[in-house]
Every structure is written in C-alpha cells, then in structure tokens.
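4 protein chains.
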Amino acid sequence: MSNTFGSLFRITTFGESHGAGIGVIIDGCPAGVAVDAAHIQAALDRRRPGQSDLTTPRKEADTVHIQSGLFEGVTTGTPISLFIPNADQRSDDYSHIAHAYRASHADYTYDAKYGRRDYRGGGRSSARETAARVAAGAVAAKLLAHFGIETVAYVSAVGEVEVPVGYELLDLSLIDSNLVRCPHPETAALMEARIRAAQAAHDTVGGVITGVARHVPAGLGEPVFDKLPALLGQAMLSINAVKGFEIGSGFEGTKLPGSQHNDEFYTDAVGAVRTRTNHSGGSQGGISNGQDIYFRVAFKPVATLLQPQQTINDQGEAITLVGRGRHDACVLPRAVPIVEAMTQLVLADLLLRARANRV
Amino acid sequence: MSNTFGSLFRITTFGESHGAGIGVIIDGCPAGVAVDAAHIQAALDRRRPGQSDLTTPRKEADTVHIQSGLFEGVTTGTPISLFIPNADQRSDDYSHIAHAYRASHADYTYDAKYGRRDYRGGGRSSARETAARVAAGAVAAKLLAHFGIETVAYVSAVGEVEVPVGYELLDLSLIDSNLVRCPHPETAALMEARIRAAQAAHDTVGGVITGVARHVPAGLGEPVFDKLPALLGQAMLSINAVKGFEIGSGFEGTKLPGSQHNDEFYTDAVGAVRTRTNHSGGSQGGISNGQDIYFRVAFKPVATLLQPQQTINDQGEAITLVGRGRHDACVLPRAVPIVEAMTQLVLADLLLRARANRV
Amino acid sequence: MSNTFGSLFRITTFGESHGAGIGVIIDGCPAGVAVDAAHIQAALDRRRPGQSDLTTPRKEADTVHIQSGLFEGVTTGTPISLFIPNADQRSDDYSHIAHAYRASHADYTYDAKYGRRDYRGGGRSSARETAARVAAGAVAAKLLAHFGIETVAYVSAVGEVEVPVGYELLDLSLIDSNLVRCPHPETAALMEARIRAAQAAHDTVGGVITGVARHVPAGLGEPVFDKLPALLGQAMLSINAVKGFEIGSGFEGTKLPGSQHNDEFYTDAVGAVRTRTNHSGGSQGGISNGQDIYFRVAFKPVATLLQPQQTINDQGEAITLVGRGRHDACVLPRAVPIVEAMTQLVLADLLLRARANRV
Amino acid sequence: MSNTFGSLFRITTFGESHGAGIGVIIDGCPAGVAVDAAHIQAALDRRRPGQSDLTTPRKEADTVHIQSGLFEGVTTGTPISLFIPNADQRSDDYSHIAHAYRASHADYTYDAKYGRRDYRGGGRSSARETAARVAAGAVAAKLLAHFGIETVAYVSAVGEVEVPVGYELLDLSLIDSNLVRCPHPETAALMEARIRAAQAAHDTVGGVITGVARHVPAGLGEPVFDKLPALLGQAMLSINAVKGFEIGSGFEGTKLPGSQHNDEFYTDAVGAVRTRTNHSGGSQGGISNGQDIYFRVAFKPVATLLQPQQTINDQGEAITLVGRGRHDACVLPRAVPIVEAMTQLVLADLLLRARANRV
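Protein chains in written order, with this note's numbering: chain A, 382 to 740; chain B, 382 to 740; chain C, 382 to 740; chain D, 382 to 740.
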C-alpha cells in the first residue's frame, strides 16, 4: 500500500467504503493559511453521490470534520486531519460479491495481492476513497490562492461527444451551470443525453476531463523525475478508472512537425516572457514556464453494469453476475472536483519544493 | 531537483551533457543478481547517438563503467554505481545559445527556476541524461528475468504514420530488424521515409512508442497513489519530450460502453485466472492482474530545428536563432530503450515492494 | 513538520492536546495480522495519565477507535486508522501561557518556526502525541509476534537512583509489578521514594529507560544510513524529553580496550552463530546479529514545575510563571510503553525492508 | 540498503573499500553556492589515513573529482557528483578473512543479510565509506556559510582520558593544533599517550567526540519525527563504530532536578531571546532555539586488533585470527571531520525544509 502523496505538502488517506469513515492527514501545510470547513464542504458537495438524477441515486452526506491542525481558523503548521464519517451504508447490498470477481474491478487483484479483501462496497478500492483527496485539495487550494494560482477542470468528452474547441475559447464560469459540468452548453446538452441513454440501456459511458491551472509562476517542477507533467500524470493516473493523461498538445501533437509545434518566445508589453502558442501546456523541461497549464484525463466507462455479466468466483468457477445497488452510469461530472483536487495537491507540493531552488 | 526514482529499487542519476560524464547509483538491488557490463553496454548501444544515418550523426561511445556494487560478477546488495564518461564534446558549438532561450527548450525555465544554467548541450536538461536510465534499466531487467518478467517497446507511430494493428498481432522479434525499431515492416518503411522527409526539410517529427510487459505476476502496484499505471505514467512523463501516456484502452477506450469495455474473467485450461479481453492493459484497481501490460507514450517533435526561428534572449530581446550541431530529426528509434528502461525500473521496484504485502 | 515515520511499515500521526483528538494512520502493515482493539487499549492504558498517584492526577480515558484497515478482525493491507478522542479538556487552564514562553518547553521554538501556536496544553508539542505512537506500536507488536520477536522496556534509572545490574540479570516479568515499572524491586522502591520527594518539593526528576528486543533474526538494519542503531536512535530521540541514546556498551564502552570490547563469535550446541559477550548490543555493521538488542534512553526532568520560574513572554518582557494543572513529577513510568512502541515500529519496518535483501 | 540521507538536501553514497572508488551524489543543493575542489579536498585530508604516525600508516590520496553539478564554480541546482578513486589497494591483504567472521565486524551480519559479501577491506562496511560523507559535508558547509552557520567538532575523550571542561570554556581554534584534534592541550597530550600505549599493546581504544553548531537560527527541526536531535542522532549513529549520542545535558542531565535543568529565558541587550543556561543543547521541542547546539558521540574501540583472537569461519568452525594490514589504534582523530560532515548535512537539510514552515 502507498497511501501517501507529496513530498513537502503531503497527504495520507485512509478508509474504506464501509466502516467508520474515510479521511486524510495533511502534513506540511505551512502555518498561516485560513481554512474553514465550509470551503472544504463545498468541494465535497461537488463530488458526492446523489447530486442529481444524472448521477448515482446513492446519497452520502459526506460531512467533513476538521480534527486537528487549525487554531482560531488558521493552520499552525501541524498535521491537519479531515474525517468524513460513512453514512447510508447498506452492507447487505454486497453479500453477492463476497466471493465474486467482478469484471474490470479490483476484486481479483486485491485478493491476489493481499490474500483477502473487504468486499463491502469495494472496500479501499471504492471511488469513495477520492472524497479524502477532494477534502485535502480544498486545503491546498487555499494555499495556492495566497500565490494567485487558480485551478479548474471540466468535462470535455462523454463517450464520443466532445467539446469542439479548446479550453481557451470557453467561458469557464459556465462549468457548474449544467449537471454535466461542461462549459460548452450545446455540448453539455448532448453529453447529458448520452449519459441518459447509457442509464436507459443499463450501460455506462466514459469520457475525458480537461484540467487547467492559471497564474502558475515559472519554476515549478523538479527535474528529472518529479517534473511537473510527471507528477500531474502520476496524480491523475492514481484516480480510479483513469487510463490516460496528456499535457499540452499530447498525443495529437506528435503529428505536428517541430516547426509548427515549437512555442515561440516573446516579451509582452509589461516585459514578461511569454510564448505565442502553448503546445507545451505550460511546462518546458518539466518546469512551469508561466503559461497556462492544461491537460486531459481519460476515464474508462464505469465497470459496474445493471445487466448480467459472465465472470468467475474466487474458486475459479464461472458465474453470472448482475450489478446491484446505486451506481453512476457516468462518473465524469463527479470526477471534475477530483481532477481539480489532484492538480491542487501537485501544485501545492511543487510550490513549497521550489523554495529550495536557490540560495 | 529530484533525481531519485523508486522506493526500494531506487536510482539516482547525475551528470550533464558536458563535463566529466553522466551516471547512476542503483540502491536497493537485491544481492544475488548476475550483472555484466556487456549487457548494460548492449542497452546503451541501442540508445546512443550515431547508430545510423537516421539519427543524429553525433557519435558518443557511451561506454559504461561499473564502479561498485558487484563482487565476482554478482550484486552484493550494496549500491551499484554506473558511470558513462562524456566524450566527443564540442563546447564551442553552444556559445550561441549561452544567452538565448530556444523555443520549447528548457533554457528559460531553468533560468527562471535556478537563476543560472549550464547551457552547454542543454546541461542537465539534455536527453543525454536518459543514458543513465537505460544503464539502470539493464540492471533492473536482470532482476526481472529472475522472475520471468519480460519487457519490450517499439515505435508504433511516427507523425501520422501509425502501425495499423495492436501489439498482440505483431512479431515483436522484428523490432530491431529495421532502423526505426518498428516490428511492422511495411509501416517501418513508411516511418523511415517520414523521418528522412523531416531531415530533408530541416524539420523534425514526433511519434508514439508502445511498451509491453509480459509474464508480470498478479499483485504488483501499490494503491492508492503508487498504482501501477500511476508509476508507469510518472516514469514515462519524466522522459524528455513526452507529452502523453495511456494504458490499455486509453483515450480510445473512453468511447466504448462499459458493456464492451469490461474484461470478462475466465479460468483457463491450467486453472489460471485470465480475462477474455484486455482493455484494462493488465492493471485493475492499480494492481497487475497477470495479463499483458501495455501502454503508449507520446513524444513531441524534437525542438531543435536546423532552420531559423524567432525567440528572445535572457534580456528579453527578440533574436533569430538557427539550430546548430548534430541533432535527431526524430528521437523515437533511440527512445525505445528508454521506455523499456523506465518500465523495467517501475516493475523492479513494485516487485520488491510487493514482498511486503502479506505476513 | 514531519509526522511520518518508517519506510514500509509507516505511521503518520496527528492531533493536539486539545481539539477533537489524536490519532495515527498505519500504512504498509501486511495483510493477515489479527488485530484487536483490546490489545491496543492495553498498551494505551500503560501510558495514560492518572494510572496511580505517582503520575499526573489528570485522567484521560484514551479510548482507541479502529476506523479502517481491518476486516473480520484481520488486517487487509489497507491503511489502519486509529483515533483517540480527547476528553477531560480544561482549556481555561492554559490561558496564562497563551503569551508566555515556558522554560525548556516548545513555546518559543514553535512561535519562532511557525509564527503562531496552539498553546492549549502544549498543542502538538504535548506529550499526549505519544499516545498515537503507542497505539501504532501495539499493531507493530502483533506483526513482530508472527516472527517470534519480543520487545520490552523498563525504568533503569530515576535521577541518581540506578538499577545496579544489567537487563540480562533481571526478571523482566516483574516490570509491571510496581508503579515505577522497574523489575528490580529494591531499586523500584528507592525510585518511588525519589519521585515522591520530587512531588513534595514541587520539582521534577528525569531518568533512563532500558529497552530490549529478543529473538530478532540476523539481518535487520539497512546500511549505511538506516542502520539499526541509527533508526532506533532517531526513534527514541524523537520522543519528547529524550536527550540521549546508547546501544550495547554505549558511552561506557568507549573506555574499554578493543581486546575486551570485541564480541567473540562461537557456534552453539544447535549450530547457531552466537557471541560470548554482547557489547555490540545485537548490532554489527548496523545490522542485527541475532543476539539481544539492548539500549538506554535518557529522559530529562519534566520542564513544568509547580513553583515560580522566571521567563519572558512573546513581547520579550520578563515575567514570573507558576506551572498549573496536573503534571507528572517524573514521566519515566509512563514512558516505558512509548519506548517499547518506537522499538516495535523500527523493527517492524526493518523486518519488511529486509525482505528485499536477496533475489 | 539505504544509502540516501536527507530530504531536500539529499546525499546518496556508494562504493567499497576496494574497486573503482567511492563517491556521493548530492541532490537538492540550491543553485548559487560557490564550491571548489580545494575546499572539499581540505576536509578529506583531515579524514584520510596516514596523516600522522598516530593513525593508520595506510596512505590514501583520497583525491576528490567533481563530476557534475557546477558551472563556472557555482552550483546550478543539478546533482553534484563527487568521486574519490581508490588507490593503494592491496587485495591480497584480505584473503585470510574471505571466510572468517571477525569479532565485532560486519562480516557475519552482511553474510546473514545478503548471502554474500565483498570481503576485501570490509567492502561497503569499510570506514572508507565515510569519505563520501565528508566530501558532501564540505558542500553543505558552503551552503550553511551563506547563513552564517558554523559547525565544529573535537575529541573530548579517548578511553578514560576526558577533557575536564565543557566546549564553551575551550579555545576551539586549537582543535587542529595537535594530532589528536583536542583543543585542550594538556588533555591532548594525555590522549596521545593513551593512543600510543594502545598501539604498543597491539590493542585499540575508543572515545567521545563533541560536536558544536553555532549561529543556527531558531526554527530548524521538523516535529514530531524529524526533530533536530532525532536527525542528528540518526546521522551520528549511522557512522561506523558509534554506539551512543547525547545532546545538551544528555545522560548526566537526567540526574538534575527540573528546577536546575530548566533553561530560563531572557531578552538580551539587543532584544534577542536567549536562555541563561543551555541544558537543552540548543533544541526545544525538537526545534533549534538559537542557542548553541552541542552533543557528544561515543565511538567504541576499533575492532581490528593486531593480536590473535578466537572466532569462527563461515562454516561455523572455530578459528584463530590475527589482524593484518594497517589499522588505526584509535579512530577518534580522523572521525572529527566525519562528525562535522554529518552535522553539516543535517543542518543543511533542515535549513531548506524550514523554508516551507510558513506561507
């Protein structure tokens, strides 16, 4: 197990879908950051199940409790403990999978690795684990705000339905204006229809989330192994269901000739170094260059289907399994705050680490 | 700076393009692994410049020296030091970029981060740094071989020229049968033509490398942050010029419905747990499931062009720069051993870490 | 802040003296270890205040809650969260030190480092923090028991009152037979009297705890920086009030000639490698050699006195301060389980790390 | 193995007594520090064998080569590689111990741990390994000098011969005025006689080194596990032959009542916070308080004796062994720069980490 992420701004998460709850310890947040439960709660509310009829009908209050690390509303430099009690548990929902290996789930691999598993609600492999990341990200965001850094994410594709333009042509204030969290209203409507079609078919659908970080100063990223894209990539690929990550021009950029791909430098009116294009996605040599950081994260379709599937049990016998319970047909809308949180955690860590760059 | 990678099988690299040389310390390789310089050298020879007229005409001997950690040809559990002296240095080639910020290079970001940089040959940001990774990977491969694990990589796209089929339909023994390192001969010929066209145009071209690991036992990968895809992603995105990573079905998989994407489990003739499809790419819940691991890595086109480009110097003044020296028009063929090495390093580390899974 | 200890068996602690509570996340405990709350509670009960009139009259229930990581009473390989709610808080006790820098406390240094501090009960610098270590140590002990490893500690000195013989001549089953936790009854009586004299004088007294680990297999300890004595030393010196650590012959051994200090090897009746003396304290070259590991830990006298003391406030003004509240005149008896816990944590970690020694 | 030390200012050492050489990679030294080989060499010359007839007659040039990380004499933020080739090797000296387990050496434990060892000169367990630490410490010292921090160490005891006063009453400029490196000339003469007596008796003698760090700003040290005394303790106890560490009042301080031990705060003439006594040794709550840091390090007598000793071989058979070669009768004089180096490395790391304390 490795439930710690980050070097100086470091989080450790814990907890299963069922049991007392889930939580996170943030170690290394500098003293002097004003943090309030309402801010964290707002982030959690964007991730929680049961927000709308587009997501799982499972309702989880996901109420955060700040257990340590603050004094009079401000961080003291000591570890911050955030705890989210589990509620609305229905353990009996899961008895049918106690010995089954659901297709494309972690049942088999956990058994293979640990010799046992808590099968209730997926145990530690449950997407519920990401609530702890969102809570920690909300604290990181407060630190980043001291330095003017902003992060945002939105759904840019659901199945084959894609936003036709890049982030820089969108009004990102519209992200929360629809259930899908897509700032392109026409596409959002199509995405919503696509998700409802999957629901109706007792099937699921994947998609892509685009993340953007703005006003990141030049100098963040630690070559050669903790380059900015490398840590962002690790962060995103550690989220359940993520199968791909690309930054800047990504896979499409491999088709451009270098003469078109290169980002020409210039000095702007106020004397700042800028680039005319931004195929680099704000990172050169693994270090932020002051331009917008943007990237795309691929989420596979949800594995739990409300239709029969062939699989095996832990005795190797063929069985037929039908998903039960209350599951999302598409996780993308609820994954937006998770992508934001992981972005915030990476940037907070690199921000603190960059303080050691020079004498 | 963060020049250490891995938790138990841990490497630390050092060195610049110019200066005494580059190298790597491997700390944590178990005792009892037979290692010889010839094996490491063979890996380095696949990466070194000047292999053919398809790559840079710059010739670097890249001769590895084993400085510690072996006794009578076998690892002792102590740190293994591998050193590759620099040769064929032409420092005067670089005087023109001492104060220039080359487009899409690390010149500006290193200056912004550290306040100074060794501009000769790109200093630490030089692709030459990856030779140390290749050397370390060759040692990791020897460890993996004890457990039957095999890794391989090949060029699957150069610009818009792509291998039309998946890795499982290719004869991977053909990888080194052509200069491009593509096991699909017809496509290899097109790729070679594409690279020569870029050379002729004084331009460059990017592409995609596919990596495959076979016979990886179930159980490798450390949830929740050091999942197998997360560490592979970090590893690949820490390589110069890499802008994207996807595992299994990747970005394309986001367009499939869950009912098609799910990998159905079955028990094979010898009683082993297997999946009928492998959209998961050998990883479920972040842990290897015993199926093939496969992934794709996107390389942007080389930034150094042998044609004039507009940029600025470190005073912010506009200048025109023409790339000099001996540069690849396409790094993909030489990057194949780098992708293999990073795969080997990730798997060696996770293999050792998995020993602590159970009592 | 650095609230994480260990590499593979890794704990992260959090919490202040006042607030919701304190706790610990154990990440990396292998699956398959039976753990029960009663065992952890028993360890906590040996540390908690108010055990007898020899220690602080402050009573803390210190009830542990297991929040994650177990399924049907057995570890699953996922993070184990242990939480101990704070109770019996009297925040108003501490208003007089809100702006005072108590002598030999952490008030000044926390202010100097973080620019603020939670002054209630010492906040994070409170000895209460060690309860989390004791809880985690109890889990580590369960893992060690799988391998037959035993750890024990006892009070070997209180002020100038010292046990006159080495641990090997004591009946260690007597440790808990008296309030002082000293297995030498005559000395224990003198120690108790010494502590009561300090209480009567409104003063405090320090002392020494001896730790012993038996049946530790040869091979634990990771040269060159994580040698067994080095990690034990870090572990002990991270405990509040500890000012010294010595292993084996320690400071006294520096006075012996090498010819007397060397531990002669021999093969015992069952063919095991043993040493005739054990000045090495069970560690040679930083690695356990199969002999008993023993060491001594120096605790300074408690800094909080129930008598007036001169000091300054955070404005630099001279003030007179009288300790209030309910404090120990001697922490040694209650520190015994803390020393045991840190020993258990170090050995559990090194035990798991040693699995990667050989192919 | 664990050959990396430090978190932000991080060193990785490698190399055996025999073979190509030993070395160290420093990762994380900030850019902008002027470093020259002569400064490093001077530190190495204080550690090297053959300095005088008081130490081993074995002569090692110990010439340092800077292989990376500097540009025009100044650190660039990239890893600094320092290499010290082995010279004057006489491999045949060691054939007699190929299968012997020397008393109180690491021969047996390395075999037990790794299943094999490089027996030539002790391999990785050789004290020669510490040369790499000294070289790295010299670089750390250059960083510390930017902040006015000074470190020094001296021999305070050889066997039972002890300096009768504390460091604060000594003229520390006299440390290198005699062969023993003791700044109290009368005691130095006695120490020298004590060492010569051991030489004459073909025996060895241990002792104590006192370390002092001055002008360390308040705020260094990371509670709760990386407290300043904890990291210093780990650092010192990772040095070959060290069996004890104490800071401030140490073991003796456990005998003082709290009323005498407490360090009373006051404000000095220039408004700085100071303490009237310094039993704390410059650290309170694990964080530096601006007063002098001082500590004592216990070195056991050298294990290699030039007289016959009983032991066993790797078949468990009893043998008689006589030390050959060129060994120190007392390592203390040569260990002074090692203690300094480890102090410098700890402080450099904590200095950089402290930058993340506050927003």
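Hints were generated in silico from the structure; no laboratory data involved.
The structure presented is a predicted model; accordingly, all values stated were derived computationally and were not measured.
Glycine included, every Cβ here is placed at the ideal spot set by N, Cα and C.
Be aware that one or more of the hints could be misleading.
Far from chain A by the CB rule (all over 12 angstroms, computed), these chain B residues [to be verified]: (1) A418; (2) Q422; (3) D426; (4) G431; (5) A442; (6) P466; (7) L550; (8) L551; (9) N559; (10) E567; (11) V654; (12) H660; (13) R705.
Quick list of the computed label-pair ranges, beta carbon to beta carbon [what the hints assert, rightly or not]: (14) A:T658 to B:E541: 18 to 24 angstroms; (15) B:T648 to A:D417: 23 to 29 angstroms; (16) B:E698 to D:E453: 21 to 27 angstroms.
**Request:** Could you work out which earlier hints the structure fails to respect and list their numbers in ascending sequence?
**Result:** 11, 12 and 15
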